[in-house]
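Undergrad: Residues per chain are reported as follows:
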Amino acid sequence: EAQVTQNPRYLITVTGKKLTVTCSQNMNHEYMSWYRQDPGLGLRQIYYSMNVEVTDKGDVPEGYKVSRKEKRNFPLILESPSPNQTSLYFCASSFSTGGQDTQYFGPGTRLTVL
Amino acid sequence: GQSLEQPSEVTAVEGAIVQINCTYQTSGFYGLSWYQQHDGGAPTFLSYNALDGLEETGRFSSFLSRSDSYGYLLLQELQMKDSASYFCAVRDSDSWGKLQFGAGTQVVVTP
Chain A
1 EAQVTQNPRY LITVTGKKLT VTCSQNMNHE YMSWYRQDPG LGLRQIYYSM
51 NVEVTDKGDV PEGYKVSRKE KRNFPLILES PSPNQTSLYF CASSFSTGGQ
101 DTQYFGPGTR LTVL
Chain B
1 GQSLEQPSEV TAVEGAIVQI NCTYQTSGFY GLSWYQQHDG GAPTFLSYNA
51 LDGLEETGRF SSFLSRSDSY GYLLLQELQM KDSASYFCAV RDSDSWGKLQ
101 FGAGTQVVVT P
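Which chain is which? The protein sequence lines are A and B, in order.
According to this note's numbering, the first sequence holds residues 1 to 114 in order.
According to this note's numbering, the second sequence holds residues 1 to 111 in order.
If you're looking for bench data, these hints aren't it; they were derived computationally from the structure.
Keep in mind that this is a model prediction, so the values were computed, not measured.
One or more hints might be untrue.
Below are the BS3-like pairs computed for lysine-lysine, each with C-alpha atoms no more than 25 Å apart in a straight line [what the hints assert, rightly or not]:
id	chain 1	residue 1	chain 2	residue 2
1	A	LYS18	A	LYS57
2	A	LYS71	A	LYS57
3	A	LYS18	A	LYS69
4	B	LYS81	A	LYS71
5	B	LYS98	A	LYS65
6	A	LYS69	A	LYS57
7	A	LYS71	A	LYS18
8	A	LYS69	B	LYS98
9	A	LYS18	A	LYS65
10	A	LYS17	A	LYS65
11	A	LYS57	B	LYS98
12	A	LYS17	A	LYS57
Make the full structure from the sequences, and use the hints.
TA: This is how it looks when you write it as structure tokens:
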């Protein structure tokens with residue numbers, strides 16, 4: 001089954017404790033992206049990757065890191081989480097062609113930073 | 001950069017037609033996409049307009065007018081399961097990878 005998986009689905013942590021949210025896709029997509037969703041603000045892009053070893057900032061990259069060492073995985077790293085990073089996080093992937101734009105989203109990770 | 005505006009909420013009865021408008025201010029973009037998100041769920045892709053005009057997919061249609069900086073999603077023959085949030089999104093013409101979403105429109109379908 002074609003899918004994007006994220007782990008963990010729920011996480012409660014404390015300020016300053018490094019964490020990683022994993023994202024994996026099995027569709028051989030070149031493009032992967034991370035978003036955060038907060039009430040009234042829609043989805044805001046954190047980082048994206050056009051292919052292996054190619055990453056770039058989205059609109060809200062501060063406080064986050066990413067890496068793309070393999071095509072299928074795109075982990076999101078919070079080196080020192082703060083309460084303002086409490087949010088719902090989505091990973092997504094797609095083929096990177098300009099003629100279409102079908103992104104497939106993971107189920108989401110609800111993060112609470114105390 | 002881009003700025004997208006859409007209404008925050010629309011209410012309609014089953015069987016009705018709903019139009020969700022999306023206006024944008026952008027220096028250039030590849031196309032306009034629409035996504036649906038049910039409460040507690042992940043966004044799912046609905047449609048994409050790269051060119052001006054109407055794209056139809058079953059009960060849902062999407063329209064784009066680049067000259068008017070405007071697009072809309074049309075939901076026909078509304079069903080209770082269409083109650084969800086709907087987001088428009090554009091890709092930056094300077095960088096295809098950069099994607100910006102509107103704040104979303106909550107559609108409430110009543111019996």
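Undergrad: Does each hint hold? Answer for all of them.
TA: Results of checking the hints against the structure:
1. A/LYS18 to A/LYS57: Roughly 20 Å separates the two Cα atoms, so the pair holds.
2. A/LYS71 to A/LYS57: holds (18 Å)
3. A/LYS18 to A/LYS69: holds (20 Å)
4. B/LYS81 to A/LYS71: violated (35 Å)
5. B/LYS98 to A/LYS65: holds (16 Å)
6. A/LYS69 to A/LYS57: holds (17 Å)
7. A/LYS71 to A/LYS18: Satisfied, since the Cα-Cα distance of roughly 24 Å is no more than 25 Å.
8. A/LYS69 to B/LYS98: holds (20 Å)
9. A/LYS18 to A/LYS65: holds (11 Å)
10. A/LYS17 to A/LYS65: It holds: about 14 Å lies between the C-alpha atoms, which stays within 25 Å.
11. A/LYS57 to B/LYS98: holds (8 Å)
12. A/LYS17 to A/LYS57: holds (23 Å)
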